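Using the sequences plus the hints, can you model the full thing?
Just so you know, the sequence shown maps onto residues 561 to 1027 in our numbering.
Bear in mind the hints are in silico, worked out from the structure with no lab data behind them. Among the hints, a few may not be true.
List time: in silico PhoX-like cross-link candidates among lysine-lysine, alpha-carbon distance up to 25 angstroms [stated by the list, open to error]:
hint, residue 1, residue 2
1, K921, K828
2, K692, K851
3, K589, K828
4, K903, K851
5, K921, K573
6, K643, K747
7, K781, K828
8, K692, K583
9, K846, K586
10, K842, K828
11, K791, K824
12, K733, K723
13, K952, K703
14, K747, K585
15, K899, K981
16, K665, K703
17, K903, K571
Note that this is a predicted model, so its numbers are computed, not measured.
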Amino acid sequence: MDNQELKKIWKEKYLVVPQCLEKLKKISKTATAFNTNIDAIYKIKGSQLETLLKDFNIEAKEIEHITISSFNEPRDIILGITKCFTRGIAEEWVTEDINIYNWLKDNIGYQRLQMGGQGGIIGNTLALLGIKEVIAHTNSHPKLQAEQFLDLSNLLAFDDEGKLRQASLVERKEDTPLIHWIIEFDKGDAFLLDDKTFTCPKSNRFIATYDPCNMNLVMNKDFVSYLNTTKTDYLLLSGFNPLLEKNNGLALIDNAVNVISEWKSSNKDMIIHLEIASTQDKAIRKAIVDKIAPLSNSIGLNERETIDLLEVMGQNTLAKKIENNTTSTNLFDAILYLKKTLKVERIQLHMFGLYLTIQDKTFKHTPENNINGMITASVVSSSKAYNGEITKYEHLTLASDRFVSDIGLSELSNLANKLNKPELLSTGLCNFDDFIITAIPTIIIDQPKTLVGMGDTISSVSLLAGA
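The following block contains the structure:
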(Lines of atoms letter the chains of each structure in order from A and count residues from 1; the text may use other names and numbers.)
(Lines give C-alpha, C1' and ligand atoms only; values in the text may rest on other atoms or scores of the structure.)
Protein backbone atom coordinates (compact mmCIF):
# COMPACT_ATOMS: atom_id res chain seq x y z
CA MET A 1 0.00 0.00 0.00
CA ASP A 2 1.49 3.36 -0.98
CA ASN A 3 1.23 6.61 0.96
CA GLN A 4 -1.63 7.99 -1.11
CA GLU A 5 -3.77 4.94 -0.32
CA LEU A 6 -2.82 5.14 3.34
CA LYS A 7 -3.66 8.83 3.45
CA LYS A 8 -7.15 8.06 2.19
CA ILE A 9 -7.58 5.36 4.85
CA TRP A 10 -6.50 7.73 7.61
CA LYS A 11 -8.58 10.55 6.16
CA GLU A 12 -11.62 8.31 6.70
CA LYS A 13 -10.53 7.60 10.26
CA TYR A 14 -10.18 11.33 10.95
CA LEU A 15 -13.89 11.81 10.15
CA VAL A 16 -14.60 10.67 13.72
CA VAL A 17 -13.51 14.05 15.16
CA PRO A 18 -16.93 15.81 15.25
CA GLN A 19 -18.39 12.83 17.09
CA CYS A 20 -15.53 12.87 19.61
CA LEU A 21 -15.92 16.60 20.19
CA GLU A 22 -19.58 16.06 21.03
CA LYS A 23 -18.73 13.28 23.50
CA LEU A 24 -16.39 15.60 25.38
CA LYS A 25 -19.37 17.75 26.37
CA LYS A 26 -20.65 14.86 28.51
CA ILE A 27 -17.66 14.94 30.90
CA SER A 28 -18.79 16.50 34.16
CA LYS A 29 -15.71 17.84 35.92
CA THR A 30 -11.99 18.15 35.25
CA ALA A 31 -9.28 19.89 37.26
CA THR A 32 -5.88 21.18 36.12
CA ALA A 33 -2.89 21.81 38.40
CA PHE A 34 -0.48 23.21 39.41
CA ASN A 35 1.13 25.81 37.17
CA THR A 36 -0.75 28.69 35.60
CA ASN A 37 1.15 31.76 34.46
CA ILE A 38 1.48 34.31 31.63
CA ASP A 39 3.63 33.63 28.58
CA ALA A 40 5.41 36.51 26.86
CA ILE A 41 5.91 35.35 23.27
CA TYR A 42 8.79 36.54 21.12
CA LYS A 43 9.63 35.10 17.68
CA ILE A 44 13.36 35.54 17.16
CA LYS A 45 15.05 35.65 13.76
CA GLY A 46 18.43 34.14 12.99
CA SER A 47 19.77 37.59 12.14
CA GLN A 48 18.73 38.90 15.57
CA LEU A 49 20.34 35.96 17.30
CA GLU A 50 23.52 36.54 15.30
CA THR A 51 23.67 40.14 16.55
CA LEU A 52 23.14 39.07 20.16
CA LEU A 53 25.87 36.43 19.90
CA LYS A 54 28.32 39.01 18.61
CA ASP A 55 27.27 41.54 21.26
CA PHE A 56 28.20 39.02 23.95
CA ASN A 57 31.43 37.94 22.18
CA ILE A 58 30.20 34.35 21.84
CA GLU A 59 32.20 32.34 19.30
CA ALA A 60 31.10 29.47 17.07
CA LYS A 61 33.20 26.91 18.92
CA GLU A 62 31.41 27.78 22.18
CA ILE A 63 27.89 27.24 20.86
CA GLU A 64 28.77 23.83 19.43
CA HIS A 65 29.24 22.46 22.96
CA ILE A 66 26.75 24.19 25.25
CA THR A 67 26.46 22.21 28.48
CA ILE A 68 24.86 24.68 30.91
CA SER A 69 21.13 24.40 31.61
CA SER A 70 20.40 27.36 33.90
CA PHE A 71 21.06 31.09 34.14
CA ASN A 72 23.79 32.91 35.99
CA GLU A 73 23.91 36.01 33.80
CA PRO A 74 22.20 37.48 30.69
CA ARG A 75 24.87 35.90 28.48
CA ASP A 76 23.45 32.48 29.44
CA ILE A 77 20.07 33.46 27.97
CA ILE A 78 21.70 33.83 24.55
CA LEU A 79 23.45 30.47 24.94
CA GLY A 80 20.14 28.80 25.85
CA ILE A 81 18.31 30.26 22.86
CA THR A 82 21.19 29.31 20.58
CA LYS A 83 21.34 25.75 21.88
CA CYS A 84 17.66 25.19 21.11
CA PHE A 85 17.77 27.11 17.79
CA THR A 86 20.73 25.16 16.39
CA ARG A 87 19.42 21.77 17.53
CA GLY A 88 15.71 22.37 16.90
CA ILE A 89 14.86 21.32 20.45
CA ALA A 90 12.68 22.71 23.25
CA GLU A 91 14.05 23.39 26.72
CA GLU A 92 13.00 25.41 29.74
CA TRP A 93 15.61 26.99 32.00
CA VAL A 94 14.72 28.55 35.33
CA THR A 95 16.35 31.25 37.42
CA GLU A 96 15.93 32.75 40.87
CA ASP A 97 17.73 35.92 39.78
CA ILE A 98 15.38 38.83 39.13
CA ASN A 99 18.15 40.50 37.09
CA ILE A 100 17.62 37.82 34.41
CA TYR A 101 13.91 38.70 34.32
CA ASN A 102 14.70 42.41 34.10
CA TRP A 103 17.20 41.88 31.27
CA LEU A 104 14.62 39.94 29.26
CA LYS A 105 12.02 42.63 29.88
CA ASP A 106 14.35 45.47 28.87
CA ASN A 107 16.27 43.82 26.01
CA ILE A 108 14.01 41.19 24.44
CA GLY A 109 10.47 42.29 25.28
CA TYR A 110 7.54 40.43 23.78
CA GLN A 111 5.19 40.54 20.80
CA ARG A 112 2.12 39.28 22.65
CA LEU A 113 0.93 37.77 25.92
CA GLN A 114 -1.01 34.52 26.24
CA MET A 115 -1.94 31.86 28.75
CA GLY A 116 1.04 29.95 30.08
CA GLY A 117 1.75 26.93 32.26
CA GLN A 118 0.46 23.44 31.59
CA GLY A 119 -2.42 23.89 34.03
CA GLY A 120 -3.58 27.16 32.48
CA ILE A 121 -3.19 26.07 28.86
CA ILE A 122 -5.00 22.78 29.44
CA GLY A 123 -7.73 24.59 31.40
CA ASN A 124 -8.47 26.94 28.51
CA THR A 125 -8.46 24.09 25.97
CA LEU A 126 -10.72 21.74 27.90
CA ALA A 127 -13.22 24.46 28.76
CA LEU A 128 -13.43 25.44 25.08
CA LEU A 129 -14.05 21.79 24.22
CA GLY A 130 -17.23 22.01 26.28
CA ILE A 131 -16.49 19.96 29.40
CA LYS A 132 -19.19 20.95 31.90
CA GLU A 133 -16.79 22.27 34.57
CA VAL A 134 -13.05 22.87 34.38
CA ILE A 135 -11.41 23.93 37.67
CA ALA A 136 -8.02 25.63 37.16
CA HIS A 137 -5.49 25.93 39.96
CA THR A 138 -3.92 29.38 40.25
CA ASN A 139 -1.39 30.38 42.87
CA SER A 140 -1.41 33.93 41.49
CA HIS A 141 -4.49 35.45 39.88
CA PRO A 142 -4.21 39.20 39.30
CA LYS A 143 -6.17 40.94 36.55
CA LEU A 144 -3.43 40.32 33.95
CA GLN A 145 -3.65 36.56 34.66
CA ALA A 146 -7.46 36.65 34.51
CA GLU A 147 -7.23 38.23 31.05
CA GLN A 148 -5.43 35.12 29.76
CA PHE A 149 -8.37 32.87 30.67
CA LEU A 150 -11.05 32.45 28.02
CA ASP A 151 -14.34 34.20 28.76
CA LEU A 152 -16.20 30.96 29.46
CA SER A 153 -18.67 30.27 32.25
CA ASN A 154 -17.51 26.63 32.60
CA LEU A 155 -13.87 27.66 33.30
CA LEU A 156 -13.54 28.31 37.03
CA ALA A 157 -10.97 29.35 39.65
CA PHE A 158 -11.01 30.48 43.28
CA ASP A 159 -11.17 34.17 44.18
CA ASP A 160 -9.53 35.77 47.23
CA GLU A 161 -12.54 34.88 49.37
CA GLY A 162 -12.26 31.19 48.50
CA LYS A 163 -15.29 31.22 46.21
CA LEU A 164 -15.35 29.38 42.88
CA ARG A 165 -16.00 31.89 40.09
CA GLN A 166 -15.50 32.27 36.35
CA ALA A 167 -11.70 32.39 36.01
CA SER A 168 -11.64 35.33 33.61
CA LEU A 169 -13.51 37.45 36.18
CA VAL A 170 -11.37 36.62 39.24
CA GLU A 171 -9.02 39.37 40.38
CA ARG A 172 -6.88 38.70 43.43
CA LYS A 173 -5.57 42.23 43.83
CA GLU A 174 -2.57 41.40 46.02
CA ASP A 175 -1.14 38.82 43.60
CA THR A 176 1.84 39.44 41.30
CA PRO A 177 1.76 38.45 37.59
CA LEU A 178 3.96 35.45 36.79
CA ILE A 179 5.53 35.99 33.35
CA HIS A 180 7.60 33.45 31.39
CA TRP A 181 9.49 34.28 28.19
CA ILE A 182 8.85 31.97 25.23
CA ILE A 183 11.47 32.54 22.53
CA GLU A 184 10.26 30.83 19.34
CA PHE A 185 12.19 30.17 16.12
CA ASP A 186 11.47 28.71 12.70
CA LYS A 187 12.81 25.71 10.82
CA GLY A 188 15.20 26.78 8.05
CA ASP A 189 16.14 30.10 9.64
CA ALA A 190 19.88 30.58 10.02
CA PHE A 191 22.69 32.81 11.24
CA LEU A 192 26.36 33.20 10.37
CA LEU A 193 29.05 33.16 13.05
CA ASP A 194 32.81 32.96 12.48
CA ASP A 195 32.20 32.15 8.81
CA LYS A 196 30.05 29.16 9.76
CA THR A 197 26.32 28.94 9.01
CA PHE A 198 24.02 27.50 11.68
CA THR A 199 20.56 26.45 10.41
CA CYS A 200 17.57 25.64 12.60
CA PRO A 201 16.51 22.03 11.80
CA LYS A 202 13.04 22.21 13.39
CA SER A 203 10.66 24.93 14.54
CA ASN A 204 10.69 25.01 18.32
CA ARG A 205 11.08 27.28 21.37
CA PHE A 206 13.23 28.15 24.36
CA ILE A 207 11.58 29.07 27.67
CA ALA A 208 13.19 31.35 30.23
CA THR A 209 11.40 31.27 33.59
CA TYR A 210 11.54 33.52 36.63
CA ASP A 211 8.52 32.54 38.70
CA PRO A 212 8.78 32.53 42.52
CA CYS A 213 5.28 31.09 43.09
CA ASN A 214 5.61 28.11 40.78
CA MET A 215 9.28 27.62 41.67
CA ASN A 216 8.07 27.13 45.24
CA LEU A 217 5.03 25.07 44.22
CA VAL A 218 2.69 27.35 46.12
CA MET A 219 -0.70 25.64 46.35
CA ASN A 220 -4.05 27.36 46.60
CA LYS A 221 -5.64 25.98 49.80
CA ASP A 222 -9.19 26.34 48.45
CA PHE A 223 -8.32 24.26 45.37
CA VAL A 224 -6.68 21.60 47.57
CA SER A 225 -9.75 21.38 49.82
CA TYR A 226 -12.11 21.29 46.85
CA LEU A 227 -10.54 18.18 45.33
CA ASN A 228 -10.64 16.48 48.72
CA THR A 229 -14.41 16.86 48.91
CA THR A 230 -15.70 16.98 45.33
CA LYS A 231 -16.07 14.15 42.80
CA THR A 232 -13.83 14.92 39.84
CA ASP A 233 -13.48 12.84 36.68
CA TYR A 234 -9.97 13.85 35.59
CA LEU A 235 -6.99 15.64 37.09
CA LEU A 236 -4.40 16.94 34.61
CA LEU A 237 -1.21 17.35 36.61
CA SER A 238 2.06 19.15 35.93
CA GLY A 239 4.10 22.11 37.18
CA PHE A 240 7.00 20.38 38.93
CA ASN A 241 9.54 21.39 36.28
CA PRO A 242 10.51 24.81 37.79
CA LEU A 243 11.56 23.25 41.11
CA LEU A 244 15.20 23.25 42.15
CA GLU A 245 16.91 20.87 44.58
CA LYS A 246 18.86 23.77 46.13
CA ASN A 247 15.58 25.64 46.70
CA ASN A 248 13.89 22.97 48.85
CA GLY A 249 12.48 21.31 45.72
CA LEU A 250 12.60 17.73 47.02
CA ALA A 251 10.62 18.65 50.13
CA LEU A 252 8.08 20.42 47.92
CA ILE A 253 7.72 17.22 45.89
CA ASP A 254 7.12 15.27 49.11
CA ASN A 255 4.43 17.73 50.13
CA ALA A 256 2.79 17.39 46.71
CA VAL A 257 2.81 13.59 47.10
CA ASN A 258 0.84 13.94 50.35
CA VAL A 259 -1.70 16.28 48.72
CA ILE A 260 -2.17 14.11 45.61
CA SER A 261 -2.45 10.95 47.72
CA GLU A 262 -5.30 12.53 49.70
CA TRP A 263 -7.03 13.48 46.46
CA LYS A 264 -6.74 9.90 45.24
CA SER A 265 -8.20 8.57 48.50
CA SER A 266 -11.25 10.80 48.27
CA ASN A 267 -11.62 10.46 44.47
CA LYS A 268 -11.04 6.79 43.82
CA ASP A 269 -12.43 6.85 40.27
CA MET A 270 -10.55 9.98 39.21
CA ILE A 271 -8.03 9.47 36.39
CA ILE A 272 -4.80 11.36 37.06
CA HIS A 273 -2.67 12.30 34.06
CA LEU A 274 0.90 13.53 34.63
CA GLU A 275 2.32 15.71 31.86
CA ILE A 276 6.11 15.52 31.88
CA ALA A 277 7.76 18.87 31.14
CA SER A 278 11.31 20.02 30.43
CA THR A 279 12.95 19.67 33.87
CA GLN A 280 16.59 20.72 34.00
CA ASP A 281 17.26 19.89 37.66
CA LYS A 282 18.10 16.17 37.57
CA ALA A 283 17.30 15.55 41.24
CA ILE A 284 13.82 17.00 40.71
CA ARG A 285 13.40 14.99 37.53
CA LYS A 286 14.31 11.81 39.41
CA ALA A 287 11.86 12.67 42.20
CA ILE A 288 9.08 13.14 39.62
CA VAL A 289 9.86 9.65 38.28
CA ASP A 290 10.09 8.03 41.71
CA LYS A 291 7.29 9.80 43.57
CA ILE A 292 4.79 11.56 41.30
CA ALA A 293 4.61 9.07 38.42
CA PRO A 294 3.46 6.18 40.68
CA LEU A 295 0.43 8.26 41.71
CA SER A 296 -0.63 8.69 38.08
CA ASN A 297 -2.80 6.57 35.82
CA SER A 298 -1.47 8.17 32.64
CA ILE A 299 1.70 9.95 31.52
CA GLY A 300 2.36 12.18 28.49
CA LEU A 301 5.75 13.23 27.14
CA ASN A 302 7.68 14.23 24.00
CA GLU A 303 10.96 13.05 22.49
CA ARG A 304 13.21 15.31 24.59
CA GLU A 305 11.40 14.53 27.81
CA THR A 306 11.73 10.82 27.07
CA ILE A 307 15.49 11.19 26.79
CA ASP A 308 15.57 13.22 30.00
CA LEU A 309 13.73 10.51 31.95
CA LEU A 310 15.99 7.79 30.59
CA GLU A 311 19.05 9.70 31.76
CA VAL A 312 17.92 9.87 35.39
CA MET A 313 16.82 6.23 35.29
CA GLY A 314 20.31 5.05 34.36
CA GLN A 315 19.46 4.24 30.72
CA ASN A 316 22.18 6.42 29.20
CA THR A 317 22.91 4.15 26.26
CA LEU A 318 19.31 4.17 25.09
CA ALA A 319 19.05 7.91 25.76
CA LYS A 320 22.11 8.57 23.60
CA LYS A 321 20.81 6.26 20.87
CA ILE A 322 17.57 8.27 20.66
CA GLU A 323 19.40 11.59 20.80
CA ASN A 324 21.51 10.53 17.83
CA ASN A 325 18.59 9.04 15.91
CA THR A 326 15.18 10.25 17.08
CA THR A 327 12.91 7.73 15.36
CA SER A 328 9.71 5.95 16.29
CA THR A 329 11.53 2.63 16.51
CA ASN A 330 14.11 3.87 18.99
CA LEU A 331 11.52 5.81 20.93
CA PHE A 332 9.28 2.74 21.15
CA ASP A 333 12.03 0.92 23.05
CA ALA A 334 12.18 3.84 25.45
CA ILE A 335 8.43 4.17 25.96
CA LEU A 336 8.11 0.41 26.50
CA TYR A 337 10.91 0.58 29.09
CA LEU A 338 9.19 3.47 30.86
CA LYS A 339 5.83 1.67 30.76
CA LYS A 340 7.24 -1.47 32.36
CA THR A 341 9.42 0.34 34.90
CA LEU A 342 6.96 3.00 36.03
CA LYS A 343 4.03 0.55 35.94
CA VAL A 344 1.69 3.34 34.88
CA GLU A 345 -1.53 2.15 33.21
CA ARG A 346 -1.09 4.30 30.12
CA ILE A 347 1.81 6.23 28.62
CA GLN A 348 1.65 8.42 25.52
CA LEU A 349 4.44 9.83 23.40
CA HIS A 350 3.81 12.78 21.13
CA MET A 351 6.67 12.99 18.64
CA PHE A 352 6.99 14.86 15.36
CA GLY A 353 4.46 13.26 13.00
CA LEU A 354 3.32 10.44 15.28
CA TYR A 355 1.46 9.81 18.52
CA LEU A 356 2.12 6.49 20.26
CA THR A 357 0.31 5.03 23.28
CA ILE A 358 1.08 1.88 25.26
CA GLN A 359 -1.67 0.95 27.69
CA ASP A 360 -2.81 -1.91 29.87
CA LYS A 361 -5.61 -4.08 28.52
CA THR A 362 -7.57 -3.18 31.66
CA PHE A 363 -7.29 0.60 31.26
CA LYS A 364 -10.70 2.32 31.45
CA HIS A 365 -10.51 3.73 27.91
CA THR A 366 -10.73 1.18 25.09
CA PRO A 367 -7.92 1.11 22.51
CA GLU A 368 -10.38 2.09 19.77
CA ASN A 369 -11.48 5.13 21.77
CA ASN A 370 -7.86 5.98 22.47
CA ILE A 371 -7.16 6.08 18.73
CA ASN A 372 -10.13 8.41 18.29
CA GLY A 373 -8.81 10.58 21.10
CA MET A 374 -5.39 10.84 19.50
CA ILE A 375 -6.96 11.67 16.13
CA THR A 376 -8.99 14.43 17.78
CA ALA A 377 -5.84 15.74 19.46
CA SER A 378 -4.04 15.77 16.11
CA VAL A 379 -6.75 17.97 14.57
CA VAL A 380 -7.02 20.31 17.57
CA SER A 381 -3.26 20.74 18.04
CA SER A 382 -2.56 21.24 14.32
CA SER A 383 -5.40 23.77 14.22
CA LYS A 384 -3.70 25.59 17.10
CA ALA A 385 -0.37 25.55 15.24
CA TYR A 386 -2.04 26.79 12.07
CA ASN A 387 -4.09 29.57 13.69
CA GLY A 388 -1.69 30.53 16.49
CA GLU A 389 -4.42 30.19 19.12
CA ILE A 390 -7.70 28.42 19.78
CA THR A 391 -10.02 30.89 21.46
CA LYS A 392 -13.24 30.02 19.62
CA TYR A 393 -14.95 26.66 19.15
CA GLU A 394 -14.59 26.90 15.37
CA HIS A 395 -10.80 27.18 15.79
CA LEU A 396 -10.69 23.57 17.02
CA THR A 397 -11.12 22.04 13.56
CA LEU A 398 -9.40 24.53 11.23
CA ALA A 399 -6.93 21.83 10.11
CA SER A 400 -9.47 19.01 9.80
CA ASP A 401 -9.47 19.01 5.98
CA ARG A 402 -5.76 18.17 5.76
CA PHE A 403 -4.19 14.78 5.14
CA VAL A 404 -1.83 13.13 7.58
CA SER A 405 1.86 13.74 6.99
CA ASP A 406 4.28 11.61 4.97
CA ILE A 407 6.66 11.83 7.93
CA GLY A 408 4.02 10.36 10.22
CA LEU A 409 3.25 7.52 7.81
CA SER A 410 6.95 6.76 7.46
CA GLU A 411 7.43 6.62 11.23
CA LEU A 412 4.34 4.42 11.61
CA SER A 413 5.50 2.10 8.83
CA ASN A 414 8.92 1.70 10.44
CA LEU A 415 7.30 0.94 13.79
CA ALA A 416 4.96 -1.62 12.24
CA ASN A 417 7.96 -3.33 10.63
CA LYS A 418 9.93 -3.33 13.86
CA LEU A 419 7.08 -4.94 15.78
CA ASN A 420 6.19 -7.26 12.88
CA LYS A 421 2.64 -5.93 13.14
CA PRO A 422 1.67 -4.84 9.59
CA GLU A 423 -1.89 -4.12 10.74
CA LEU A 424 -0.59 -1.18 12.78
CA LEU A 425 0.00 0.84 9.61
CA SER A 426 -3.63 0.88 8.48
CA THR A 427 -5.52 0.33 11.75
CA GLY A 428 -3.29 2.07 14.31
CA LEU A 429 -3.82 -0.83 16.71
CA CYS A 430 -2.03 -4.01 17.74
CA ASN A 431 -1.27 -6.21 20.75
CA PHE A 432 2.30 -6.40 22.00
CA ASP A 433 3.42 -8.48 25.00
CA ASP A 434 0.75 -7.88 27.64
CA PHE A 435 -0.06 -4.39 26.36
CA ILE A 436 -2.05 -2.69 23.64
CA ILE A 437 -0.24 -0.38 21.21
CA THR A 438 -2.10 2.45 19.50
CA ALA A 439 -0.36 4.81 17.10
CA ILE A 440 -1.49 7.37 14.54
CA PRO A 441 0.18 9.54 11.89
CA THR A 442 -0.57 13.19 12.57
CA ILE A 443 -1.24 16.35 10.62
CA ILE A 444 1.83 18.62 10.44
CA ILE A 445 1.72 22.37 9.87
CA ASP A 446 4.89 23.35 8.00
CA GLN A 447 5.08 26.95 9.25
CA PRO A 448 3.37 26.89 12.65
CA LYS A 449 2.34 30.22 14.15
CA THR A 450 2.98 28.83 17.61
CA LEU A 451 4.28 25.70 19.32
CA VAL A 452 3.60 26.81 22.88
CA GLY A 453 1.36 24.39 24.73
CA MET A 454 1.26 21.86 21.91
CA GLY A 455 2.24 18.90 24.07
CA ASP A 456 -0.23 19.91 26.78
CA THR A 457 -3.00 20.18 24.20
CA ILE A 458 -2.14 16.85 22.59
CA SER A 459 -2.00 14.89 25.84
CA SER A 460 -5.12 16.34 27.45
CA VAL A 461 -7.31 16.11 24.34
CA SER A 462 -6.05 12.58 23.55
CA LEU A 463 -6.97 11.36 27.01
CA LEU A 464 -10.37 13.00 27.42
CA ALA A 465 -11.54 12.60 23.82
CA GLY A 466 -10.63 8.92 24.16
CA ALA A 467 -13.05 8.39 27.04
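For each hint, the structure was consulted:
1. Between K921 and K828, the direct Cα distance comes to roughly 20 angstroms. Compliance with the 25 angstroms bound is thereby established for this hinted pair.
2. For the suggested pair K692 and K851, the alpha carbons sit about 31 angstroms apart, so the restraint of at most 25 angstroms is broken.
3. For the hint pairing K589 with K828, the CA-to-CA distance comes to about 14 angstroms; that is within 25 angstroms, so the pair holds.
4. The straight-line distance between the Cα atoms of K903 and K851 is roughly 12 angstroms, inside the 25 angstroms bound, and the hint therefore holds.
5. Among the hinted pairs, K921 with K573 is consistent with the structure: their alpha-carbon atoms are about 22 angstroms apart, no more than 25 angstroms.
6. As the CA atoms of K643 and K747 are separated by approximately 14 angstroms, the hinted pair is consistent with the 25 angstroms bound.
7. Note on K781 and K828: the hinted pairing holds, with a Cα-Cα distance of about 21 angstroms set against a maximum of 25 angstroms.
8. Annotation: proposed proximity of K692 to K583 holds, straight-line Cα distance about 11 angstroms (limit 25 angstroms).
9. A hinted pair counts as satisfied when its Cα atoms are at most 25 angstroms apart, and K846 with K586 does not qualify at roughly 37 angstroms.
10. For the suggested pair K842 and K828, the alpha carbons sit about 31 angstroms apart, so the restraint of at most 25 angstroms is broken.
11. About 11 angstroms separates the Cα atoms of K791 and K824, which keeps this hinted pair within 25 angstroms; it holds.
12. Pair hint K733 plus K723 holds up; C-alpha atoms about 15 angstroms apart against a cutoff of 25 angstroms.
13. For the proposed pair K952 and K703, the alpha carbon gap of about 21 angstroms is at most 25 angstroms, so the pair holds.
14. Simply put, K747 and K585 have alpha-carbon atoms about 37 angstroms apart, too far for the 25 angstroms limit, and the pair is violated.
15. Simply put, K899 and K981 have alpha-carbon atoms about 19 angstroms apart, close enough for the 25 angstroms limit, and the pair holds.
16. A hinted pair counts as satisfied when its Cα atoms are at most 25 angstroms apart, and K665 with K703 qualifies at roughly 19 angstroms.
17. Taking the CA atoms of K903 and K571, the gap is about 34 angstroms. The hint is violated against a cut of 25 angstroms.
When each numbered hint is compared with the structure, violations occur for hints 2, 9, 10, 14, 17.
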